[in-house]
Amino acid sequence: MLIKRTEREKHRSSLAAFVGGANERLDRRAFLSRSGLAAGGFAALGALPLVSVRKAKAGPPPAAGAAVTIHKNICTHCAVGCTVTAEVSNGVWIGQEPSWDSPINRGSHCAKGASVRELVHSERRLKYPMKLVNGEWSRIKWDQAIDEIGDKMLEIRRKSGPESLYWMGSAKFSNEGAYLFRKIAAFWGTNNNDHQARICHSTTVTGVANTWGYGAMTNSFNDVRNSKTMVFMGCNPAEAHPVSLQHMLEGKELNRANFIVIDPRLTRTAAHANEYVRIRPGTDIPVLMGMMWHIFKNGWEDKEFIKQRVHGFEEARKEIDKWNPEEVERVSGVPGAQLERVAKLFATEKPSTLLWSMGQTHHTVGTANVRASCMLLLATGNVGKPGTGANIIRGHDNVQGATDIGVDTVTTPFYYGLSEGAWKHWSRVWEVDYDYLVSRFDSKEMMETAGIPLTRWFDAVLLPRDQVDQSDNVRGMFVQGHASNSITRIPESMKALPQLDLLVVADPHPTTWASLAVAAGRKDNMYLLPICTQFETSGSRVASNRSLQWGEPIVKPSFESKDDYQVLYLIAKKLGFADLMFKNIKVEGDRPVPEDVLREMNRGSWSTGYTGQSPERLKAHMRNQHKFDLVTMRAPKDDPEVGGDFYGLPWPCWGTPEIRHPGSPILYNSDVAVMDGGNGFRARFGVERNGQTLLAEGSYLPGSEIKDGYPEFTMGVFKKLGWDKDLTPAELATIEKVAGSPDNIDTVSWSTDLSGGIQRVALKHGCSPYGNGKARTVAWNLPDPIPVHREPIYTPRIDLVAKYPTLPDAKQFRLPNIGFSVQKSAVDRGIARAFPLIVSSGRLVEYEGGGEETRSNRWLAELQQEMFIEISPADAAERGIEDGSWVWVTGAENSAKAKMKALVTERVGKGVTWMPFHFGGWFAGEDLRSRYPQGADPIVLGESANTIMTYGYDPATGMQEPKVSLCQISAA
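According to my numbering, numbering within the sequence shown proceeds without interruption in unit steps and concludes at 972.
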């Protein structure tokens with residue numbers, strides 16, 4: 001059941017010749033040997049890829065007498081945050097170790113991490129800028145590319161306004177690259193900028209932040225070692241985040257912990273479970289509410305925790321009470337006795353943690369799913385302690401950091417929002433006149449209006465102008481580090497690609513933007529800019545646990561590639577605002593210095609506590625990785641360089657670097673002092689609602705001078721407490737400058753005080769700068785204040801649609817969301833009869849994201865050669881489909897079709913199918929290899945799962961729904 005391909009051996013020889021040379025057989029043993037993997041006992045990488053790595057045998061030995069230097073960087077794949085230690089001789093990367101000193105990966109890599117050297121040396125990268133001329137790719141110079149791109153951007157601005165250029169950024173940026181990308185969009189004058197979090201964890205951020213304060217993982221993979229009960233719901237770390245699994249499995253063994261997997265598919269993670277719970281895709285809320293039904297019915301809830309630290313369960317119980325065992329089983333398929341057993345373990349065998357990833361977030365109810373998960377944690381008191389929490393596994397190496405920094409349609413950097421106050425804050429940080437920033441936008445109203453999510457970019461091109469709430473449709477796109485095949489409704493994007501006046505793709509690889517655009521009929525005004533990998537530049541990135549790590553360049557950029565900083569500087573210079581944008585950032589040649597970028601970020605990021613992680617502190621952590629404890633991730637307090645710090649200074653790291661706050665390894669931990677990483681829940685929802693307090697009651701940090709809940713700190717609060725007298729004259733002068741006038745000084749807060757004085761004084765008095773509030777189970781600002789189950793847009797259970805319909809049509813993010821009309825039409829037209837199979841998607845251990853990078857890696861290409869769809873034996877038998885045979889998968893919209901191999905397996909239940917989402921380079925059965933620039937095509941091509949995925953968007957975030965749609969499968 002856990003074997004991925006039964007017929008792989010049949011096809012290995014032809015691909016081996018393709019990737020390894022005509023006389024070179026590249027089998028799995030050769031991969032393990034040459035990539036440095038210790039093969040003994042771990043040859044089956046997909047089953048448990050927790051392998052150790054020796055010096056890579058693929059590299060040449062150093063020349064006689066040549067020096068070998070050691071460099072550390074961070075793996076560029078998932079967000080576990082594994083350190084890569086590279087050996088370099090004469091400028092060539094010749095060897096690799098998986099950093100035995102790192103407390104995160106401690107000498108382990110998965111298959112992707114073990115093969116990252118190939119990303120740098122690969123011949124299949126973009127080598128120089130290219131331009132599409134009459135449908136053919138031609139080589140051009142960097143100066144020509146920047147000039148022509150800039151001229152076209154300015155032409156679009158003159159004709160259609162700044163909102164008509166879309167800036168699609170990346171979770172593959174460093175923090176510093178992400179910051180510059182958000183900044184260039186601001187100076188250009190649009191909030192139409194976005195990145196991968198929109199299609200992976202935007203619903204997590206919105207759901208979690210609207211429950212207890214911040215939208216991030218509360219604990220860490222290392223801390224899961226302390227758990228007694230682990231519930232995996234909508235994540236598959238065995239394949240998606242393999243090195244994280246070593247912490248989970250060791251915790252399971254050492255603590256004899258309960259290991260429970262709730263998933264529609266028997267995943268490789270589920271193979272390790274004590275209890276596997278199969279649910280129907282799209283029914284997370286009924287299952288979570290059903291667990292809480294059992295918990296409250298049996299009195300297993302944590303009454304004291306709820307009383308002190310949670311608001312609104314009395315109101316939420318009205319919805320929870322609807323989900324009795326019979327209704328949960330009717331909707332989700334989970335038997336009541338099994339769910340009661342799981343609920344009891346979670347509530348009574350503590351500490352318990354709930355882990356999720358895109359299985360929960362990829363839904364039209366993704367925000368509500370996340371909120372229901374948070375409610376389960378709150379009901380059982382499993383937040384804010386070791387071994388507890390929402391361990392939300394992020395997918396790309398810097399998706400957490402890029403999200404925090406604001407490559408996002410709804411906020412300026414660090415979650416300040418888009419209000420006038422937010423823009424004035426950043427105008428002060430940037431030392432740019434606020435009125436100048438306003439002048440860059442179409443209007444002040446547009447400056448304060450959320451942009452279009454990347455999930456809808458093609459709708460912003462194709463819809464009639466009167467349906468797009470901006471001055472004109474999207475006319476051009478600048479895409480830096482994002483794969484087009486990761487966005488659903490690919491047939492619609494194929495219609496939009498030829499209609500753009502400009503398309504720029506900046507990436508180490510041409511990606512599916514190139515192949516699909518040419519296949520769609522695009523002939524010109526498209527540019528490919530070669531970007532180097534993060535191994536060829538420097539900067540910081542944020543792991544899933546909020547820890548920052550600094551990567552140094554291993555080698556210089558290959559071929560003619562430039563790093564993200566250089567490209568953004570050159571574009572800004574061409575557009576005429578580089579002098580203002582880089583006013584306080586040193587530029588060496590054409591490269592902004594990332595250390596200076598981070599220092600500017602530190603000066604403005606008070607809201608999330610990104611202020612204490614200076615370049616110097618982060619570099620010291622990388623030098624001293626071996627000093628951090630494996631479980632607590634803390635260094636000894638007497639160490640001269642990193643004494644008392646938590647590894648990576650996980651945010652919030654309060655105050656200036658000089659204060660030396662250690663970071664916060666566990667969010668909302670009220671059992672430790674604030675200078676040991678403690679915090680209560682953030683007081684961000686006000687102080688009272690319906691006559692009830694929203695501040696903590698009888699719960700406070702050790703050493704706090706306020707022995708109860710309290711609001712966020714402002715100068716007005718300081719004056720009432722008399723703490724304003726603790727501010728230095730210099731701090732007070734800065735606060736007065738921020739206020740602008742004496743009448744406004746009371747409103748200057750912990751998050752807008754550029755001196756850091758308010759945070760410093762709050763810490764001095766043992767208090768958290770953001771206050772000490774209650775988490776809330778009722779989010780009155782969201783479409784469903786209490787999570788409500790709503791059937792997917794395309795559901796086979798049409799009998800449930802009347803009782804659990806999707807939300808009404810509405811205008812969201814400048815565009816109409818017609819999910820209700822689409823759902824109603826699907827029911828009226830009997831779509832479920834023609835397309836009776838649920839189709840879902842997910843990750844493979846071998847590949848990452850859209851897959852163009854990893855499918856271009858010859859070590860990984862050998863491991864997974866073909867796109868496939870999993871289908872149950874019963875469904876396969878009904879259709880005359882054999883394992884390993886070619887099939888057509890047809891989707892419920894756009895006459896979508898895709899050709900791939902069938903994998904007949906009991907991992908999926910009857911009526912459910914599953915596809916990996918990493919493939920691209922085919923469309924509707926056609927091989928598009930010839931559409932790539934010659935020599936830059938990935939080794940492995942295949943159909944994209946998102947060709948089949950259909951309409952459906954979360955109303956709070958614009959999240960797409962690739963985890964539930966409908967399809968039909970037939971023999972090809």
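I should point out that these hints are in silico values taken from the structure, not numbers from a laboratory.
A virtual CB, placed ideally from N, CA and C, is assigned to each residue, including glycine.
Honestly, I wouldn't trust all of these hints.
To be verified - Derived DSBU-like pairs: lysine-lysine, alpha-carbon spacing no greater than 35 Å straight-line:
| no. | residue 1 | residue 2 |
| --- | --- | --- |
| 1 | K322 | K303 |
| 2 | K297 | K228 |
| 3 | K495 | K574 |
| 4 | K586 | K424 |
| 5 | K424 | K344 |
| 6 | K131 | K141 |
| 7 | K737 | K583 |
| 8 | K720 | K307 |
| 9 | K725 | K424 |
| 10 | K159 | K583 |
| 11 | K228 | K424 |
| 12 | K720 | K764 |
| 13 | K583 | K444 |
| 14 | K444 | K152 |
| 15 | K424 | K627 |
| 16 | K627 | K344 |
| 17 | K322 | K444 |
| 18 | K424 | K152 |
| 19 | K159 | K495 |
| 20 | K803 | K523 |
| 21 | K637 | K583 |
| 22 | K141 | K719 |
| 23 | K318 | K556 |
| 24 | K574 | K523 |
| 25 | K127 | K523 |
| 26 | K152 | K707 |
| 27 | K637 | K228 |
| 28 | K523 | K811 |
As the list claims (entries may be wrong) - If you anchor each label on the Cβ, the simulated ranges turn out as follows:
| no. | residue 1 | residue 2 | range |
| --- | --- | --- | --- |
| 29 | G417 | G333 | 37 to 43 Å |
| 30 | T747 | E588 | 35 to 41 Å |
| 31 | L462 | D321 | 52 to 58 Å |
| 32 | D746 | V631 | 41 to 47 Å |
| 33 | E926 | A63 | 22 to 28 Å |
| 34 | E445 | A877 | 56 to 62 Å |
| 35 | S825 | K495 | 18 to 24 Å |
Consistency of the hints with the structure:
At roughly 21 Å between alpha-carbon atoms, K322 and K303 fall within 35 Å of each other, so this suggested pair holds. Between the alpha carbons of K297 and K228 the distance comes to roughly 23 Å, so the proposed pair stays at or under 35 Å and holds. Note on K495 and K574: the hinted pairing holds, with a Cα-Cα distance of about 31 Å set against a maximum of 35 Å. At roughly 23 Å between alpha-carbon atoms, K586 and K424 fall within 35 Å of each other, so this suggested pair holds.
At most 35 Å may separate the alpha-carbon atoms for a hinted pair to count; K424 and K344 exceed this at roughly 50 Å. A distance of roughly 10 Å separates the Cα atoms of K131 and K141; the hinted pair therefore holds under the 35 Å criterion. The suggested pairing of K737 with K583 holds, with an alpha-carbon distance near 20 Å, which does not exceed 35 Å. Among the hinted pairs, K720 with K307 is consistent with the structure: their alpha-carbon atoms are about 27 Å apart, no more than 35 Å.
For the proposed pair K725 and K424, the alpha carbon gap of about 27 Å is at most 35 Å, so the pair holds. Between K159 and K583, the direct Cα distance comes to roughly 29 Å. Compliance with the 35 Å bound is thereby established for this hinted pair. A C-alpha spacing of about 47 Å is found between K228 and K424, which places the hinted pair above 35 Å, so the restraint is violated. Our distance criterion of 35 Å between C-alpha atoms is met by K720 and K764, whose separation comes to about 17 Å.
The suggested pairing of K583 with K444 holds, with an alpha-carbon distance near 24 Å, which does not exceed 35 Å. Using a Cα cut-off of 35 Å, the hinted pair K444 and K152 holds, with the two alpha carbons roughly 25 Å apart. Annotation: proposed proximity of K424 to K627 is violated, straight-line Cα distance about 42 Å (limit 35 Å). Distance check on the hinted pair: K627 and K344 sit about 39 Å apart at the alpha-carbon level, beyond 35 Å; violated.
Under the criterion of a C-alpha separation no larger than 35 Å, the hint pairing K322 with K444 is inconsistent with the structure, at around 45 Å. In summary, the hint linking K424 to K152 is supported, as the alpha carbons are separated by about 30 Å, within the 35 Å threshold. The straight-line distance between the Cα atoms of K159 and K495 is roughly 22 Å, inside the 35 Å bound, and the hint therefore holds. Between K803 and K523, the direct Cα distance comes to roughly 49 Å. Violation of the 35 Å bound is thereby established for this hinted pair.
With a C-alpha separation of about 38 Å, the suggested pair K637 and K583 falls outside the 35 Å cut-off, and the hint is violated. Straight-line distance between C-alpha atoms of K141 and K719 comes to about 60 Å, which puts the hinted pair past the 35 Å bound. Annotation: proposed proximity of K318 to K556 is violated, straight-line Cα distance about 60 Å (limit 35 Å). For the suggested pair K574 and K523, the alpha carbons sit about 25 Å apart, so the restraint of at most 35 Å is met.
Taking the CA atoms of K127 and K523, the gap is near 21 Å; set against the 35 Å cutoff, the hint holds. Distance check on the hinted pair: K152 and K707 sit about 60 Å apart at the alpha-carbon level, beyond 35 Å; violated. For the proposed pair K637 and K228, the alpha carbon gap of about 29 Å is at most 35 Å, so the pair holds. Between K523 and K811 the CA atoms are separated by roughly 34 Å; this keeps the pair inside 35 Å, and the hint holds.
For G417 and G333, the hinted distance range of 37 to 43 Å is satisfied, since their beta carbons lie about 41 Å from each other. The hinted window of 35 to 41 Å between T747 and E588 holds, with their beta carbons roughly 40 Å apart. The hinted window of 52 to 58 Å between L462 and D321 is violated, with their beta carbons roughly 44 Å apart. About 44 Å separates the C-beta atoms of D746 and V631, a value consistent with the hinted range of 41 to 47 Å.
One distance hint, 22 to 28 Å for the beta-carbon pair E926 and A63, is violated here, with the actual separation near 48 Å. Under the hint 56 to 62 Å, the C-beta atoms of E445 and A877, about 59 Å apart, fit the expected range. Taken as a hint, the range 18 to 24 Å holds for the pair S825 and K495, whose Cβ atoms sit roughly 20 Å apart.
Checked against the numbered hints listed earlier, the structure breaks hints 5, 11, 15, 16, 17, 20, 21, 22, 23, 26, 31, 33; every other hint is satisfied.
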